[in-house]
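Chemist: These are the residues of each chain, in order.
2 protein chains.
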Amino acid sequence: MPVGTQATVKALSQQDLLTLDADIILGNAYHLYLRPGHERIERFGGLHGFMNWPRPILTDSGGFQVFSLQELRKITEEGVQFRSHLDGSAHLFTPESVMEIEHALGADIIMAFDECTPYPATEEYARESMERTQRWAQRCLSRHEQLQSAQVAAGRPPQALFGIVQGGVYRQLRQRSARDLVGLDLPGYAIGGLAVGESRAERLATIEDTVPELPAHKPRYLMGVGLPQDLIDGVVGGIDMFDCVIPTRNARNSTLFTSTGRVRMKNAIHADDDSPLDAACECITCTQYHRGYLRHLFQTNELLALHLATYHNIHFYLRLMRSMRAAIIDGDFTDWQQAFFATYQDG
Amino acid sequence: MPVGTQATVKALSQQDLLTLDADIILGNAYHLYLRPGHERIERFGGLHGFMNWPRPILTDSGGFQVFSLQELRKITEEGVQFRSHLDGSAHLFTPESVMEIEHALGADIIMAFDECTPYPATEEYARESMERTQRWAQRCLSRHEQLQSAQVAAGRPPQALFGIVQGGVYRQLRQRSARDLVGLDLPGYAIGGLAVGESRAERLATIEDTVPELPAHKPRYLMGVGLPQDLIDGVVGGIDMFDCVIPTRNARNSTLFTSTGRVRMKNAIHADDDSPLDAACECITCTQYHRGYLRHLFQTNELLALHLATYHNIHFYLRLMRSMRAAIIDGDFTDWQQAFFATYQDG
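Chains L and P supply the protein sequences, listed in that same order. Heads up, the final residue of the first sequence is numbered 1050 in my numbering, and it's a clean run with no missing numbers. Heads up, the final residue of the second sequence is numbered 1050 in my numbering, and it's a clean run with no missing numbers.
Be aware that a few hints might be false.
Since the list gives no way to pick one copy over another, a pair counts as held whenever it fits inside one copy or between any two copies.
[Said to hold, decoys possible] Straight-line C-alpha distance at most 25 Å; calculated DMTMM-like pairs for lysine to aspartate or glutamate:
{"hint": "1", "residue 1": "LYS713", "residue 2": "ASP975"}
{"hint": "2", "residue 1": "LYS713", "residue 2": "GLU799"}
{"hint": "3", "residue 1": "LYS969", "residue 2": "GLU1005"}
{"hint": "4", "residue 1": "LYS969", "residue 2": "GLU742"}
{"hint": "5", "residue 1": "LYS969", "residue 2": "ASP1033"}
{"hint": "6", "residue 1": "LYS713", "residue 2": "GLU1005"}
{"hint": "7", "residue 1": "LYS777", "residue 2": "GLU985"}
By construction, these hints were calculated from the structure, which means they are not laboratory data.
Work the whole structure out from these sequences, hints included.
Modeler: In structure tokens:
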């Protein structure tokens, strides 16, 4: 899922995203609550009407953003008091208020308000945090069901509330978190609190510990991950959905993903190169422009650099996911993986 | 002509420019000489190959930029010594070297190296400057003809060298400059040294003084102008071609041109407005998005704001020129002008 934090996937238009055939994009409740305001977006017919996106949208609850504020926030059982990163104004997010925000935004999938447990965290803190996340999930569900009834009665489409598994890197906590959440019988489950500094081994172990607890017939979503190899790891581990700013943010930093690995487009080595960024790629960036021109655009800080790079990286990521899906359906995922890493080198 | 100073029209792709049906775009010899270097661009097959633009290109000689450097440049009969605005390195532009640069860039129309006389300027300075520009035009033509022969012999397409009329706001100087240039029998002529601070009356008078001296069957190009009403003034005065950064630069500052006048899209008044930017416009920005969303994109400094605004402004300018052309052909330009200003209010 391409990330459109502020109701736009940075450097792409909605027409670009349709051309890229993105099935679903992300929005962020924290950012949209602050600007332009969830009630304003509701008056435009929700995020779909506001940004003119006809396909599914998932909103993150903003838990990750609020907890990232560090000095600016205070956690209680009630919720999180925080100060806006924009103007320092004081706000309170509770599980109930976040549901109200996400209902106003009107995304197809909405995430429960959780605490993204930091890394490292002691087992004691991870347990407390996970248990609070579980109590909050229950409160989210209660408020969501109230709002949903009124909404459906008013002829508006229902929204799917996903829960978020926490528990740090502690197996027992992750398993308890997953089981307790599954007890709420939600339409989908996410694994949160990863990609926050843990090792690859810790991440793989956490996925391995958690996924078997989550029902196979409901989507499993690994939040905030990752590099191409991390997506492959996730799929191998049983993950169905991902979101990450890496393809868009790295694009703006001139780091492009190709069939042979990462390319740093600002490097002088590309200045006289009239070959495409990735000869194996059929996107506009690769079929219409060569490396020398892309390097020039980055070198001169031109906006077109950000657009062409983002377009390519999103194309790369969506194609990566599509080809994994096709390989699973065809029953030759292991072959696919070998073929991918035969050309793709990283790190 | 949309301005693509550094081989890109800021915030648009070449695909966008083709969709907008731009017939010709601009590049700038000064900027491209510094980055990525004209010899590098030549190795890519000139600007057309470098930026993958299949339609005509005009390169400005860089005279305007070099003379804008103020403290960093020194004018002699030979040419202009200047220091790069990027790294302070020392460079010399002569009429001959600029022709070499513009031949390497390979645009379809190339501009002579002139001195853009500042405003205000004494009549004495304006005369000296204009006479030097005339001597430089002769030197440009000589070097251009040498380069052209070799080029055509090598099977490369010929380039059209346009001369630039100078003379400040002094009628006699403008007329002498125009007559002397016409004596060189160039394929087109530009009026330079306007839009540098003079009044509208001075500009109109200068156009009126100059245009009758320029042959009607060759293109007349007014450089660096302007707002929509300035383009109409120019067309009324007999001008065929314009270039200006106003549509693109103003777009990035959230100033958008509509059939009813200028709109400042950052203003709070648009925050809850679900109407299109311009109901009379059929561009993507106006048919796919509403003012509330565009305002949000500017408010949050999102890249999509710059793209959608630029796309619309270029669409507006190209449509303005097309509709003037159609009105002239249909013989009802006066009616057209009245109809335009019946809705368009400015200032």
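Chemist: Quick one: which hint numbers does this structure break? Sort them smallest to largest.
Modeler: Hints 2, 5 and 7 contradicted; others consistent.
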